[in-house]
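Got chain D sorted already, so can you dock chains W, G, Z and E with the ligands onto it with the hints?
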Amino acid sequence: MASVKLSGVRKAYGEMEILHGIDLDIKKGEFVVFVGPSGCGKSTLLRAIAGLEQVTGGTIEIDGIVSNDIPPSKRGIAMVFQSYALYPHMTVRDNMAFGLRMSRSPKEEIDRRIAKAADILQLTPYLHRLPKALSGGQRQRVAIGRAICRDPKVFLFDEPLSNLDAALRVATRIEIAKLNESMPDTTMIYVTHDQVEAMTLADRIVVLRGGNVEQVGTPMELYHKPANLFVAQFIGSPAMNIVPVEGSVANGVASVAPKGGRALSAKTESGMERLAGPLSLGVRPENIDLVDEAKALFSGTVTYAEQLGEVEILYVDIGAGEQPIVVKIPGYHAIERGRGVHLAPQKGAIHLFDAKGNAVEHQIL
Amino acid sequence: MASVKLSGVRKAYGEMEILHGIDLDIKKGEFVVFVGPSGCGKSTLLRAIAGLEQVTGGTIEIDGIVSNDIPPSKRGIAMVFQSYALYPHMTVRDNMAFGLRMSRSPKEEIDRRIAKAADILQLTPYLHRLPKALSGGQRQRVAIGRAICRDPKVFLFDEPLSNLDAALRVATRIEIAKLNESMPDTTMIYVTHDQVEAMTLADRIVVLRGGNVEQVGTPMELYHKPANLFVAQFIGSPAMNIVPVEGSVANGVASVAPKGGRALSAKTESGMERLAGPLSLGVRPENIDLVDEAKALFSGTVTYAEQLGEVEILYVDIGAGEQPIVVKIPGYHAIERGRGVHLAPQKGAIHLFDAKGNAVEHQIL
Amino acid sequence: MTQQVITATITILIGVAGSILYFVGTNWLLDRIFPFRDGASPNAARNHRITTAVRPWLFLGPALLALGVYLIYPVFETLRLSLYNRDTTAFVGFDNYAWLVGDAGFRESILNNFMWLLVVPTAATFFGLMAAVLTDRIWWGNIAKSLVFMPMAISFVGASVIWKFVYDYRAAGSEQIGILNAFVVWLGFEPQAWIAVPVWNNFFLMVILIWIQTGFAMVILSAALRGIPEETMEAAVIDGANDFQIFFHIMVPQIWGTIAVVWTTITIVVLKVFDIVFAMTNGQWNSQVLGNLMYDWMFRGFDFGRGAAIAIVIMVLVTPIMISNIRRAKAETKGH
Amino acid sequence: MDGIAGRKSALTWAVHISVLLLVALWTLPTAGLLISSFRDKDQLAVSGWWTALTTSTQNLVGRADGAEKQVEVDGKFVIAGNLLDGPGQTVTAFGYRSQEPTKFKAGEIADLGDGRGLTVTADGDYIIESDLRIEGDRGQRIFYTAAIPPRFSLDNYRSVLGSGGAGRAFVNSLTVTIPSTIIPIMVAAFAAYALAWMRFPGRALLIAVIVGLLVVPLQLSLIPLLTLYNKIGAFAGIPAKGYVGIWLAHMAFGLPLAIYLLRNYMAGLPGEIIESARVDGASDFDIFIRIVLPLSFPALASFAIFQFLWVWNDLLVALVFLAPQKEQLVLTGQLVNLMGSRGGDWEILTASAFVTIVVPLLVFFSLQRFLVRGLLAGSVKGG
Amino acid sequence: ELMFKPGEDARFNWKSFEDFKAANAALKGQTLTMFGPWRGEDEKLVQSILDYFRDATGVDVKYSSSENYEQQIVIDAQAGSPPDVAILPQPGLIADLASKGFLTALGDDTQKWLGENYAAGASWVSLGSYKGKDGAAALYAFPYKIDLKSLVWYSPENFKDAGYAIPQTMEELKALTEKIVADGGKPWCIGLGSGGATGWPATDWVEDFMLRTQSPDIYDKWVTNEVKFSDPAVVGAIEEFGWFARNDKFVDGGAAAVGTTDFRDSPKGLFASPPKCYMHRQASFIPSFFPEGTKLGEDADFFYLPAYAGKDLGKPVLGAGTLAMIMKDTPASRAFIEFLKTPIAHEVWMAQSGFLTPLKTVNVEAYGNPALKKQGEILLGATTFRFDGSDLMPGKIGAGAFWTGMVDYAGGKAAADVGADIQKAWDAIK
Ligand SMILES: Nc1ncnc2c1ncn2[C@@H]1O[C@H](COP(=O)(O)OP(=O)(O)OP(=O)(O)O)[C@@H](O)[C@H]1O
Ligand SMILES: Nc1ncnc2c1ncn2[C@@H]1O[C@H](COP(=O)(O)OP(=O)(O)OP(=O)(O)O)[C@@H](O)[C@H]1O
Ligand SMILES: [Mg+2]
Ligand SMILES: [Mg+2]
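Protein chains in written order, with our numbering: chain D, 1 to 365; chain W, 1 to 365; chain G, 1 to 336; chain Z, 1 to 383; chain E, 1 to 430.
Excised from the complex, chain D in its bound form (with noise of 0.2 angstroms):
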């Protein structure tokens, strides 16, 4: 029912500027999920889209309606808070069922949404518990059904899954997107963690990174076209590998190499001039293939390996004093340290970054 409008949000504790000035564009309906490296704003600017924190500048619209000055209780929203936040003193119904009361709904329907709730979360055993007797999982359950029970208009949820085991934070989470769907009217703000999460979940992906705003898009977007390293680097786990190479323009077509290896050809319809120069070449350790050397771009030893079942994870050191190379091979291959391996990155998956780190698009040749 409502969109969300943030023009130039800053937010300040102090001296220290958290927000740099925020602008974002929630339509009404979407999934928005918020994600960053660790302190990087997306709590404060949850809470500020809340109404917990006053802004320190800027303009927050919910429904069109200017809100910075709109008291949190007026803006028909719910959240489910990182730190829980649950009501020491209420059972786990009473916790639920405070802000049902509060708009003084029937108690027939308290109780329904309360049982329904509790039945996603897995909770029902526990109505009667107080907080301090749950464990960790299920006090975060008890906040997210705190908020599902609610009927807002705009969901924030800050990493509402963090505590929960895989199986139930897969049905949570499809939970979530059922909720999302079957209320296409209602906004959701998340903030999560989880990559999968964040890919599943969202119609679009904010990337703040120290109070600024990366990139917004589509999780497909996000993935294949990241519009800057961090970002690159931030979307997927394991992260993208980044090696510098050496651009050369010459005949309208770049030559890319990494020191001292081999070159590949690339073109720009951004301006040629772009590929010259220091660049970075980003590729996926799931777009990495173990090939022949003599079809490879680097080559090196394995001095890590991780099995995860489905796939394996390699460390490749290909010397030169850069990072590792990490590669993703699906299956299990038992490889052991030490192991000499060449690597080649899939043609269609390769990404270049100029010396300030934004993308260039590309092709390669």
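Since the hints were derived computationally from the structure, they do not count as laboratory data.
Be careful, since some hints might not be right.
[As the list claims (entries may be wrong)] Under the rule of at most 27 angstroms between Cα atoms (straight-line distance), these lysine-lysine pairs were calculated in the DSSO-like manner:
#1 D:107 x D:27
#2 D:178 x W:328
#3 W:328 x D:225
#4 Z:76 x Z:103
#5 Z:326 x E:62
#6 Z:103 x E:62
#7 D:132 x D:116
#8 W:132 x W:116
#9 W:328 x D:347
#10 E:160 x Z:103
Just chains W, G, Z and E with the ligands, lined up with the frame of chain D:
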């Protein structure tokens, strides 16, 4: 330096028993990860090992000494609490220094260790801050830093990375792994919900469920040879698909078939009769291929598809009121909802479980 | 004068240092005698058991000793006295209590005391809570707090003069010097001798104690209020609770324990109340209370037996509160 | 909560007004005392303190100079002078008989008989003119009605502060009060910690006993205790009355409340922090000193305020346990002694009330800082 | 620094001082702790007396007082740390201390001396004699510093302005009272308020009327409750008080104000303009509550509360006072009692203010002002002297039930009921 041995450890809160007799033998220097659904007793078990909970039965031996009555401070442990438990009136530095001061470490030593931990955890700019001026992730890092600053015989980590972003999480995970390697005698016990963490860090994984140990084994054992349905479904994300099948034995060969589906032939050495009757067939999403109709074991329509960039997850409804089958296929395919697909599990990756849910060793012929 | 200041400083330092020394010293000693630092030593577990058993008593030691000598011993002494005659020369059994039951003054006091018990703790806690909560939200809150606190800081003699200037009564027609009567006259009513109107005068005396004790309640509750995790209040704000709802549903329940403590403390002050009644009416005009009655028998009547019996009654009245506190402490113990 | 948006609502006004009202009600009586303390002793009993704030019309009695001051002017004997003793006052009416004090308007001439006439002008000048030499050694009484503007004096404070030994009494009071505040806080804090966070048999009972002890009337304990002191004093050959004795007494009398308040507060601290410290290798002693104590500052400070105040304002215990002579006389004792034996010197009381209140208020102000908000913020999650 | 230099002022009996000095030189260096009721201005006065004792003996006298001295003396005595010498105004309290054995008998010599040297010596001896722990009566307390109670204070000029004469009999006093009312004035200011001691001024009224309506013998029996409070004699005395106090027309502020007006405030009405009242019955100490600058004998004066002409009871005088007693028998304490026997110990205080003495050997010229001297003369001229009855009664009555009863009476309760109530209270402590 320390082995940890639990024999029949029980813990009850009032009437309610949370741990039902846990036996576990952790060798010195081992890295053991506890996993299990939220509320299954992981934190409780950790707290019992730390000495924070008086167990109601059984014994806890640390380094061969029955430690039930030894106070936490004398057990030579360090612990990261799920809820951080930072000292709110101390700066980050003092939080980390506290344990060292308690053990009367020299000042330089304290400074050195704090500097190192802060560096690893990227906390250096925050050393002078109070916890309340930190973000969730930063608080969690302080909690970790506090533990690794000390030099305990046993490390206890309760979901230490849940609030960290992917990059930092990987980095910290690697640091913890390194720490583990650099201190081969230090035993680590680690609770996590993150499969990747569990898989990558653990020497052995302990799967808990409702206060009981379900299986103990190396990550690969758990992944490839789950002892029962629960473990099978718990380990791996998305979870293993389970399809009820009917088994019948004839001529020393069992034939198992999903309802109205093609039959597979199987053999086992653990008593063929175990393959008769209702069984469950399990196959991990990543072990299912999209195949032609002829080779398919199941067919159905895609009800939902998630794009994660490197892989795509399909939810395939195979009808007959069963759970949809989840399929994880590498790459980006943009398979739309509603498309009909044919699925076949990879032969070596089929798991069979008897009616009680216990795994049946077998070969698919 | 400087000499005096120096001696004073030294005595102060000795006094304070002495008690610090006790705690540090005994704890050090305990760890010395029963070492268990290195968990390996064979006696470690035993030593630890001993130290955990002993240490609480080290911590409690001075307090228990002081309470024992200064309060418990006198309580037993009082109990003994209550069974003796006026100058403790003959054992009289329960005569003093029997007398109490029949004494009109005692009945009046008990009745008045119950009135006090109903009104004062409730009102003082209520106003204290109001003051604590409301002053937290305004910029001049600290000043307001200090002003509300002031009655506590005024010595009792001062307070009695203050209230003289409030309740003073002059005949109708002459100039009133008590502000209450001045106000009443200004409104066009007859002035009243407030403290001399039976039954009602109790309330006018109660007002004084409420006036004093509100500061106490405010300070203690203010400390408790500030311990409430702010996030819970933020959560409630988001849950759509208005300020009143936050106050009643979120803040009050979280400091309920402290409210109970404040209430209990003031209740006990009321049970003991003596100086207000003593200074304002000395129990005349039917305003007698137990505390003053006891004082009266002890130091006016020199009847230690009866005085002690009244004291025992006062102490017995507190048992319900003790029981509820045992309950609460037990419930807490279950929690952790 | 401070940062929450949109909180400047009508409610804020309601809050301001309620607090104002509360404060007004609570300060009004004290304000009366304060104003009274600057008033003249005789005025206190005859007019309300609030009248001292505005110009008031008062019926006063003055007396003309005696016969010896008369001068002969033009054959008439004249006594002249002024009745008023301050600027800004005006006389509106006067009289010479007590029954008719306002018979004449200012400026009129009153016939005193015997050929004597009296007039008082608005500025207070009076003239008695007589045909004959005026006899008698007392001056004529003159009743007059005057508008008196507010007038305050520091006399009451002068007499309180100027009395000999006030300085020493002040130091004595501090000598009694400071250790009597600090020692019980320490003792109580340790005990409260044990009762809140250590496990031992009989804990709940002990808590209840302490609550019970709150009710023990002080007066009851004085005789047994003083007897004990005397015995110890006689045994050890030291004076039974002294500072140590009173410290201990004040400590013990303050303990039940201190333990009760502190235990309640400490029990509310998040257990995980304490567990965390245990795991960090801290002993109970360390935990108490480094974790619990700093986090209990609000409770410690509030108790300190009260204990300080009680001891500071106490007289009874001081009189019983300290030698009553000047060397150990506390401020309250000093002030009470300033009042006459029959205790009606309200002007002394009013001023001394404000002299004694200063130190407790300072203590309150300085300790109020410790009643901080959000001390526990950021320590644990999960509420 | 001595108040009056020895030998300089002829009014003083310096010889007694020198003699005392000579006899007690051996005490030098000893200390004497002393506890008394005097504070504020009074303390300065008592110190000026003690200076002479110090000067004469070299004893270090430590005097102290407190608001709660009654309570404190009990505590200290019970606990075993009493002062060496205590001076108290309540015979009832002294009796209690004596009966518990806390006091040292002053001996026959002193008893004899009192009988001989105090005017109406026998009554002073009996005032200071109590039953000791052994049950035998002995002299335990030495009367020193007397207050007169039966005084009516007035403003001579107001009387003159209105043309009133000083009444010589109770009948005249009542007539004057009614005349003042007829003239449109209020005759009396009466205030019983006294914080915790509210009611006591009324007991003085009743005692005065007991002495004026009954024989001293009945008074003595009343004080020991041989005559009951409910006795018509007592009830009658109460009602006499009621004649004055319970008539709205007679009292400033009306009868309702009597109970709550503070006794310290009540005399101020005499000096108001116009006067709020013309007469105020109160003891000799009351001038300290007169407005500042009031000159005794000129601005304010007193007359003896007259006796009934119709009753042949002479001129009874009611008084109060303090008594000194030894709580620790030391040479210095003994010497102090001896000191009190010297005229100089009386004269020095007489010469200042607020001190009356029945000691016959003092020079009455030493009285510091005419008013004091006049009081001294009343004291010496009394045909009957009686000590304040409420102070003689047990504390629970004299400082309890009696007060309460009087407050109730002022509030409108019937005299008979009040008497019965007080009697009931008295029965309860027997
Ligand atoms: N104080 C308590 N009283 C009663 N039950 C409790 C108490 N503390 C925990 N429990 C219950 O014990 C069970 C185990 O809790 P524990 O904290 O060990 O779970 P966990 O495995 O750590 O879960 P999570 O992954 O959610 O943190 C939970 O069901 C919880 O509700
Ligand atoms: N009260 C405060 N005073 C000063 N700085 C603060 C305060 N609260 C937060 N910060 C700082 O603001 C920054 C942003 O905090 P925020 O909680 O928004 O981070 P976040 O993105 O949510 O991080 P995380 O993922 O770790 O929760 C952090 O660097 C933090 O240290
Ligand atoms: Mg955050
Ligand atoms: Mg847990």
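A quick look at each hint next to the structure:
1. D:107 x D:27: 33 angstroms, violated
2. D:178 x W:328: At roughly 20 angstroms apart (the allowed maximum being 27 angstroms), residue 328 of chain W and residue 178 of chain D satisfy the hint.
3. W:328 x D:225: OK: residue 328 of chain W and residue 225 of chain D at ~23 angstroms, within 27 angstroms.
4. Z:76 x Z:103: 25 angstroms, holds
5. Z:326 x E:62: OK: residue 326 of chain Z and residue 62 of chain E at ~8 angstroms, within 27 angstroms.
6. Z:103 x E:62: 57 angstroms, violated
7. D:132 x D:116: Distance ~23 angstroms between residue 132 of chain D and residue 116 of chain D Cα, so the pair holds.
8. W:132 x W:116: 23 angstroms, holds
9. W:328 x D:347: Roughly 23 angstroms between the alpha carbons, so the hint for residue 328 of chain W and residue 347 of chain D holds.
10. E:160 x Z:103: With a Cα-Cα distance of about 18 angstroms, the restraint between residue 160 of chain E and residue 103 of chain Z holds, given a limit of 27 angstroms.
In this structure, the earlier hints numbered 1 and 6 are contradicted, and the remaining ones agree with it.
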